[in-house]
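Participant: Residue numbers (my numbering), protein chains in the order written: chain A, 1 to 358; chain B, 1 to 358.
It cannot be assumed that every hint is accurate.
Identical copies look the same in the list; a pair holds intra-copy or inter-copy alike.
Unchecked claim - List time: in silico DSS-like cross-link candidates among lysine-lysine, alpha-carbon distance up to 25 Å:
#, residue 1, residue 2
1, K271, K218
2, K271, K294
3, K216, K54
4, K300, K58
5, K331, K54
6, K331, K300
7, K218, K300
8, K331, K294
9, K58, K91
10, K91, K271
Keep in mind the hints are simulated off the structure, nothing from the lab. Source: prediction; values computed, not measured.
Number of protein chains: 2
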Amino acid sequence: MTATPPPALSLERMRLDAVLEGLARGDTAALARAISLVENQRDGFERVLSEIHKRIGKSGTQRIGITGPPGAGKSTLTEQLVRAYRERGRKVAVIAVDPTSPFTGGALLGDRIRMEAVSLDPGVFIRSMATRGAQGGLATTTEEVADVLDAFGFDRILIETVGVGQTELDIAATAETTVLVLVPESGDGIQTLKAGVMEVAELYVINKSDRPGADKLKQEVEVMLGIRRGNAFAHITPHHQPRAATGGKGRQRAETADVWEPPVLTTVASKGEGIPELVDALNRHHSFLETSGKLAERRKRRLATRTRAVVNRAIRQWVWDETQAEDLLAKRLDDVAAGTRTPYEVAAEVLDQVRNGE
Amino acid sequence: MTATPPPALSLERMRLDAVLEGLARGDTAALARAISLVENQRDGFERVLSEIHKRIGKSGTQRIGITGPPGAGKSTLTEQLVRAYRERGRKVAVIAVDPTSPFTGGALLGDRIRMEAVSLDPGVFIRSMATRGAQGGLATTTEEVADVLDAFGFDRILIETVGVGQTELDIAATAETTVLVLVPESGDGIQTLKAGVMEVAELYVINKSDRPGADKLKQEVEVMLGIRRGNAFAHITPHHQPRAATGGKGRQRAETADVWEPPVLTTVASKGEGIPELVDALNRHHSFLETSGKLAERRKRRLATRTRAVVNRAIRQWVWDETQAEDLLAKRLDDVAAGTRTPYEVAAEVLDQVRNGE
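For reference, chain A alone in the conformation it holds in the complex:
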């Protein structure tokens, strides 16, 4: 993506070939190097992603997003899931993303250490990621790292994010199945469950369910899931929603080949309680996606979103690295600070320059 090739290009290319060869051989060191390339968008990362593109999306592979407020025990739950999948003979990768650590660079370090117990197993691969200035593009980068792991042959790819903000939800939603982990202590119960958060998850886990308030929270979540569905119907056919099938508490499971009813599970991750049930529910969701045809549909939609994001990134890199935009911006910033020019005038000027191919 640079205008004049740097002197080390041929060396770069040799290194890239070695990484690609290593990936094909199943070499874990090459995997780590490929992920670093992609994460830091170093020269040639698009080539790596293009090369592996045909090997992603095998039917046996499942990407699982795990999100929830800090302190909900997501790392412990993730570790338990890793163990459970290993016992079932699955190769498991974990991407732990902490978008709120732009300063430390050491995302989820504590969690990484805690997970060392499982990380000596060659069937397990764990990677932490922080933003490192990946402005607005962390969901895309996470998805690309997951692609590399997918092509490498991991059967389950767990994407763990901290927090329930927009960025975190976007990242978790790159997975096919998203799990929202809550604990009795998380905020004021019902208040933590805002519409956007509820919409994103296909599975709800009340972790630390041996603590007081777990039953109440489970009920609240179930009622809210009912309310949400009720509202959706009200929008289409007011006063005529099929209450018996979709109403609040006490409703029957209305799962069919086309409709997924998000289950609310309870776990005590630290003791391994509820993990087999969670694995079953995750498998059930994957089967549902496959048999309903929604998996192909979802992957197609994700690829469209991704392609658009990749185009935007390529255009941004071109504008700032290969045109005179950066120089012009630097020249104008003093005027902007002094109030003699506005950001909008500068943007129009930069755009004009870019359009005229300067």
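Knowing the structure of chain A, use the given hints to seat chain B on it.
Facilitator: Relative to the frame of chain A, chain B by itself:
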């Protein structure tokens, strides 16, 4: 930003002139219309922002970001701050941003209703915002809406966001002073306070401080603030950090003209307890920024970040609205889904087309 002017352009222009005139006159209806223009990036919004640019950043104006986990009582605290500022004769605007509500469109509706008590006062202006697809640009849009309110003459602009994710922090950080609101129940105490979140705030509030655990949380926050500062020093001069001034618990306030020591305050917002102290601390931080010269510095840095974001937005709008990029992307998506082309090949093709001015 469109290639051929739409037929209604002159009408648009008349409407825009009316909005600008109304703004200059101090007409609240024009203010609401100007904000809608900016929020939805309708034709002419850059002109509105350019026109008001010279009137923003008056020394008496303070932008305050208020963030924290759901259920921390931010809305109640915001309402109390509005009342307190009104009692002191300040005009106050509130922007309530909920990035996790892309589906409902009705961001913080409940909170808005709760705040109706104060919203009949003409010295108060309250606005809710949701994402509405402002992909990655919500911080910029929020800052632009704050500009309109600033130019209109509000003395205090409160920017309330829900959650402590990256997007929410980015939005809160567009303010000059950021307040992080916590409650004894928020997660597992110390775990909620990740490095990125701690770095962003200049004031910490333990709300609902009449509940059990408030003292413990306050202590934890203070210790962590000490640890953070200790680490920062350790990085520069290992083993020689000035412990007496910057060490953990029991340290003396080391506030000077150049260093801001973030205070940890306690409130019971529902009863108005601790609000005068919070207002004092907010005023103190504003004075600190002004006298230390950091206010001008910070505003300059924000304007640089903003100008870059505005350029990126203008380029993106140009690429998708005025070039053939959208058509080419639509043509290629089936190939991408089928695996015969990769997103990276498509991006290279689109970029080539854009560079060649097609």
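Participant: If a hint holds in the structure, say so; if it does not, say that too.
Facilitator: Do the hints match the structure? See the list:
In this assembly of identical chains, the alpha carbons of K271 and K218 lie at most 25 Å apart only when taken from the same copy (19 Å versus 30 Å across copies). In the homo-oligomer, the alpha carbons of K271 and K294 never lie at most 25 Å apart, since the shortest distance is 34 Å inside one protomer and 50 Å across protomers. In the homo-oligomer, the alpha carbons of K216 and K54 never lie at most 25 Å apart, since the shortest distance is 47 Å inside one protomer and 54 Å across protomers. Proximity of K300 and K58 under a CA criterion of 25 Å is satisfied intra-copy only: 14 Å inside one chain copy versus 50 Å between copies.
For a Cα distance limit of 25 Å, the shortest separation of K331 from K54 across copies, 19 Å, qualifies, whereas the shortest one inside one copy, 45 Å, does not. When the C-alpha separation of K331 and K300 is checked against a cutoff of 25 Å, the pair qualifies only between copies, where the shortest distance is 14 Å, while the shortest distance within a copy is 43 Å. Taking CA atoms no more than 25 Å apart as the test, K218 paired with K300 passes in neither setting, with 34 Å inside one copy and 48 Å between copies. For the identical chains of this complex, K331 and K294 are inter-copy neighbours only, at 23 Å across copies versus 51 Å inside a copy, given an alpha-carbon limit of 25 Å.
In this assembly of identical chains, K58 and K91 lie within 25 Å of each other by CA distance solely inside one copy; the values are 14 Å within and 59 Å between copies. Within a single copy, K91 and K271 get their C-alpha atoms as close as 23 Å, which meets the 25 Å cut-off; across copies the closest is 54 Å, which misses it.
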